[in-house]
Structures are given as structure tokens and as C-alpha cells.
Amino acid sequence: MTPTLAAVVGTLYAVACAVFLVHLSKGSPRLGNVGRVVLAAAALAHLVYVGAVFSSGAARPMASIYQTLSMVSLAMVLAFLATSLRYRTTVLGAFITPVTLLFFLGAVLGATAEPVPSSVTLTLLPVHIAVNVLGIAAFALAFAAALAYLIQERKLRTKELGGIFQRLPSLDVLDMLGYRFLLVGFPLLTVGLVTGAFWIVGGATGQPHYISPAQGLGVVTWIVFAGVLILRTVAGWRGRKAALGTMFGFACASLVLLAYVINSFGGAS
Amino acid sequence: MSEPDIVVVGLSHHTAPVHVRERLSVATDAMPSEVARLVGALPLDEAVVISTCNRVEIYAATTRPAEALTQARAYLVERGKPDTIDTFLYAHHGERAVAHAFRVAASLDSMVLGEPQILGQVKDAVAVAATAGTLGPLLGQCFRNAFSVAKRVRRETEIAAGTVSISSIAIELASKIFGTLEARKVLLVGAGKMGEAAAKALSKRGAELAVVNRSPERAQSVAQAAGGRARPFEALAEELAHADVVITSTGSPTFIVGVDSIRGVMRIRKGRPLFIIDIAVPRDVDPRVGEIDNVFVYDVDDLRKVADDNLAHRRKEASSAERIVHEEVQTFETWRASLAVTPTIVALRSQFQRVAELELERAMTRLGHLGPDDRKQVEAAVGRVVQKLLHGPLTELKRGDGPGDTAFLVAAVRRLFELDAQPSLPAKAPTSAADADARSASETPPLAAAPRRAKDG
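Residue numbers (this note's numbering), protein chains in the order written: chain A, 6 to 274; chain B, 3 to 459.
Isolated chain A, as found in the complex:
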């Protein structure tokens, strides 16, 4: 049953993504609402899918990197839907949904090779993964806002004021959104890092682990986001620089997930 459900969810995400991209390029307001409805349906199907996977006993919640990827994509969709109600920034769906689709496909395609690690009996691990899932979802939204900001800024500078420029929100709104999502994501990432560090220093098993590339990248991600936030307050790093920093931070966060994926192949062999 789960492969069919996965196909349904994936298709709905792809349709939502296509609708949002057309909405961005053509600008009919009705399309934005269509996109949100499709996306909400996709999220619902996704929830059912998650329930089905877990109840089948094939995996425990967030027990593997693939389940984590799936949860990240779901969390970012729910966060986006909530945001679009509050800020009327439906067009940002065009930047969110491709990331969602990518993460979800990664989760589903990778899930077949999924080994359930033996060491996940740790009590802290679910917390570690949960906060990181939410954190990365928040960063994904910050990334979308930052990307939109850079496009908008570029259009203003090159003085091409048609089409997409008309439909994207103002620089002020995009900058503010990016900042707020960072403010939400950063504490989550911090908790994630602390719980991770606890595991690394052997607080749970009594044996210190080596720092894996994924964990190293996690630290880099934290430093990048911390830097963006600090420079913003101290040195007036707003607008373009903040947007670039946010995008870099999100790239690092995605690399962490990728490193875990690669790692899981290593663990399986």
C-alpha cells in the first residue's frame, strides 16, 4: 500500500509545484489558491503515508535519514501553508515546492535501501531529529524568502520591472520573512546541535564517537546561521548579504542531510 501512497503524494507535490511555477510566471491569483489546495491535499496524503509506514512496522518514527527527509518535506509544507495564510505570500510556493518535492523523492527512493540502525534506542535521538526536522523546515522557508529577495533585488537593479517583479512581494516583506524564519529555525538548530554533541561526547553510550562529516557540517551550518543573525544586528547585514548568507546556510543544512544519506549507504554495506 505504501508505494501507491508514496506515488500519490509525490504526484500531488509535483502538481502543486507546477501550479506554483505557472502562478509565478503568469500571475493569475486564482492559480495561487489552486496551488495551495493541491498542496494541502498533498500534505494530507503525506500524513496518511507517514502513518501507514509507521503502522506497518517497517520503520520507527524518524528512525532513519529517509524518514527524516520525508518529515522535513512535510514540515516545510505545513509551515508554508500556515505562512501563506498570514502573509499572503503564495508566490513563494514556487520556491518551496521544488525543495519539498526533492526531499520527498529522496526519502521515498532511498527508503528501499533503508537499514534500521541498531543504536537508535537512545532516548535523545528522537528529540535530536525532531528539532532538526523543524529547524530545517524553517530554514527552507527562509531560503525561499531569500531567493525571492535576491530575484527582486536583481530586478530592481537591472530595472526590469515586468512579470515576476510585479508578483513577488516587496523587498521589505521578503527580508522580514527571511529574518523571522531564521529566528525560528536557529534555536531549533541549536537544540539539535547540543543533543547531537551530547551523543558525540558519549553522554549516552559512555563511549566517545568520532565526528562524522555530517556532524561537522552541522556545526558549520550553525556557525553560518549564527553569523548571519549576529552580523544582521551588529553590522547591518540586511537585504542582499543576509539573503546570500541564508541561502548558504540552507545549502549547508541540505548537505548535512545528504551526508547522512551517503552515510546510510556506507552503513548498509
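Hints are not guaranteed to be accurate.
Stated by the list, open to error - Think about it this way: if two alpha-carbon atoms lie no more than 25 angstroms apart in a straight line, the pair counts; the simulated PhoX-like pairs of lysine-lysine are:
(1) A:K160 - B:K307
(2) B:K153 - B:K125
(3) A:K246 - A:K160
(4) B:K195 - B:K307
(5) B:K187 - A:K246
(6) A:K31 - A:K160
(7) A:K164 - B:K187
(8) A:K164 - A:K31
(9) B:K195 - A:K164
(10) B:K202 - A:K164
Said to hold, decoys possible - Each pair of labels, with its calculated beta carbon distance range:
(11) A:E165 - B:D407: 49 to 55 angstroms
(12) A:V39 - B:R25: 52 to 58 angstroms
(13) A:L86 - B:D407: 56 to 62 angstroms
Derived from the structure by calculation, the hints contain no laboratory data. A virtual CB, placed ideally from N, CA and C, is assigned to each residue, including glycine.
Position chain B relative to chain A; hints supplied.
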């Protein structure tokens, strides 16, 4: 009686320079008496006068269009003296006058294609005419339709899409940078007309305005007019640090805002964006300022290019708008033609009946030997003839295949049956040999045919 027609005489920015338009324009408070006077003095039944800075036009409904056009023309020429303005005037009647009214209301005839003010101005002019009592059924319907045409054009085309004036582009850009303009700070440097207009427009949207000028009096008067505060020219650097939007339009031959000063300003602003509109020629702001992060500089050419792009788009949209106007003119003309049908039917019927009665009366004096029943038979037969003869033309008139056809039929019937030359007819008819021929030709065969057919049946 001939049908009332719609005529328009006037001039606009298409045909006349501003000094001529100025001379003809009618002040708002003088308008009611002016339209009333026009209807009194000229052969007009209804009149609406539209007077804006881009056009002065007299719209009228009249039963004597040719005369009305000549006299309205003469009236405007007289008003325009000592200039000879005859060459600037255009005049339309009928369908073309209606189309003109529709195009004007839909802003297809405006200097800035698709600008929204004209519709309000036309509405005002119509309201003035209504109050002055010079708006009748025909012009009233014409302008009601013009308003709905304008609405349709706005809804179905992108004729008003994108802003095309410097002020509105400034507002649009500022909104795209700052979101809301509420409580944003606008600094106006210099006192060029365009800059002042843009600053006013921004402050209307809730922005706070500061005015810096080399002449303190000028700064004061502009600040007062736009609801801002005036600052001495020496305070420029200080004000720059506070401003979100800076509009420069000084006559300075050199840059008054340089890269270094803006770099300093941006440090104080902690990266909050700065939007600079440099309307001055030669430019007031060093173009390299635009390379600084979070600073956006638009000069007058940039703004003009935005306006041109938007205008080009509007021009493309105008052709679909013209199609709508064409459709709506046809609808209006159908309605107008239908107006003429009923009186024509009534006139035609009474014309036939008058002839029949007259001839019956004449015949009866000579047919004294007939009994009352025979007389009734003859009268009934004549009545049937009249009904049968009328049947064809009346059905065709009512059916009318589109406005052109109906108008054509109405005109043809009026002319063929001399409906517009009523008084002479009864007197002329009996003496004329031709009429007698026509009578025998038209009346005899059906008279003879009807009973025969009855027998056949």
C-alpha cells in the same frame, strides 16, 4: 419630423496645442450656465460639455444635425478668438459621434492612454448637464453606455496596467522596496515640478516629507503645499541619513550626492534600503551610488523607460479595447434605431388611413345610390387593403436586421411614403394625376383580388 442625432464638436490634445485648449476651456463653476445657454442659443435638444485640460467638446442631441454642427463650430470659433481655431476642430455625428464619446470615456483618446481620471471628468460633465436640465434621453443613454464601455474595457483589457507617470512609478517602486509607505521618510531635494509631484504623491500615501532647497522660501512653500517640513540646504547630509526615499531635482550642474556620502549614510542606516529618484538633468546623484548595497538609484531616463514599456503594453491592449467600443456602438445604434421604429410605424399607419378615409369620403359622395350595407362592404374592403399593404413594411420595420438595416428601413419608409412632409399631402393627393394612377394601381388589384380569392377558396 426627423429623428434626433448625436453630434460632437470640439478639439483635444490630438488636434490643438495647449494655448488654444486653455482659451476654450470652461471653468467648473461656469459650466451649468454655459450648457444651458448653449441649448438656448443653438438648435440643440440636449447638450453635454466636457472641458478638461486635454479637451473641450460639445456633445449634443439634435434633430437638425447639419445646422447644429455648423453653429456649434461657429460658437467655439467665436470663443477661441482672436486665434483662428477652426482648423483645430473636429466634428462627428451619428455612429462616429457615439464612438467618440465611448472612446473618450474609456480613455482611448487620452494623452496618457488608459489614464483613469477622464472617466470621472466625463461623469462630472454629465452630472452638470443633468442638473442644468440639458441631459435628455438620447445623450443620457449614450453616456450611460459610455460608462459601461469604460468599465468593460478596464475589466477585459490591460489598458490601465502598469503605471505610466513619473509619480506613480515612484510610488510603485517605493512600495516594492519598502512594502508600505506609511511612516517612511521622503526627502525632496530641489524644487523641480516633477520631483514635487512625486514627493506629494508619496506623502499622500502616508510618508513623512522633508524638503531641502537652496532657497528657504521655496522649501517652505513646497513643504507647506505637500504637508512636510522645510530644512535648510546645509541639513542635506543629516536628512539623507534619515530618509528612505530621496528625490532630487535641483538645477545643480554637478553631483550633489556622491558615493562617499551615501556610503557613510548606509553605515548609519545599518543596511536599511535607500531608494533614490534622481529627476534632475544634469543628474544630481553620482550614478556609482547605485552600486552600493541596498541602494537603488533611478534617474529620469530609467523612469521614462519604465513608463514607455508600460505604455507600449497599453497600446497593444488598445486594439482589443477598440473592438469592445465597436461592439458597444453597434448595440447602442440598435437601440437608437429601435427608437425611430415606433413613431415611424405610427406615422405610416396614420398616413395610409388618412389617404384611405379621404378617398372613401370622396368616393362615397359619388356613390350615393349604394345602400348602407354596400357602403359598409366598401369601407371594410378599403380597410383590408390598407392592412394588407401595411403588413409587409411594418413587419420588416419591426424585424430590422441590425442597427444599420433598421436605420435604413426607417429612412426609406419615411422617404418613400413622404412621412416627413405631412401637411402638404392630403391637399396634393386628390388633384395629382400621378397620385390617381398610383391609387388605382395600388388599390384596385387587391380590391378585385380579395373577393375572387374568397370565391376560389
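A quick look at each hint next to the structure:
no., hint, result
1, A:K160 - B:K307, "14 angstroms, holds"
2, B:K153 - B:K125, "13 angstroms, holds"
3, A:K246 - A:K160, "16 angstroms, holds"
4, B:K195 - B:K307, "19 angstroms, holds"
5, B:K187 - A:K246, "24 angstroms, holds"
6, A:K31 - A:K160, "17 angstroms, holds"
7, A:K164 - B:K187, "23 angstroms, holds"
8, A:K164 - A:K31, "19 angstroms, holds"
9, B:K195 - A:K164, "24 angstroms, holds"
10, B:K202 - A:K164, "24 angstroms, holds"
11, A:E165 - B:D407: 49 to 55 angstroms, "52 angstroms, holds"
12, A:V39 - B:R25: 52 to 58 angstroms, "57 angstroms, holds"
13, A:L86 - B:D407: 56 to 62 angstroms, "59 angstroms, holds"
Violated hints for the displayed structure: none, as all numbered hints are satisfied.
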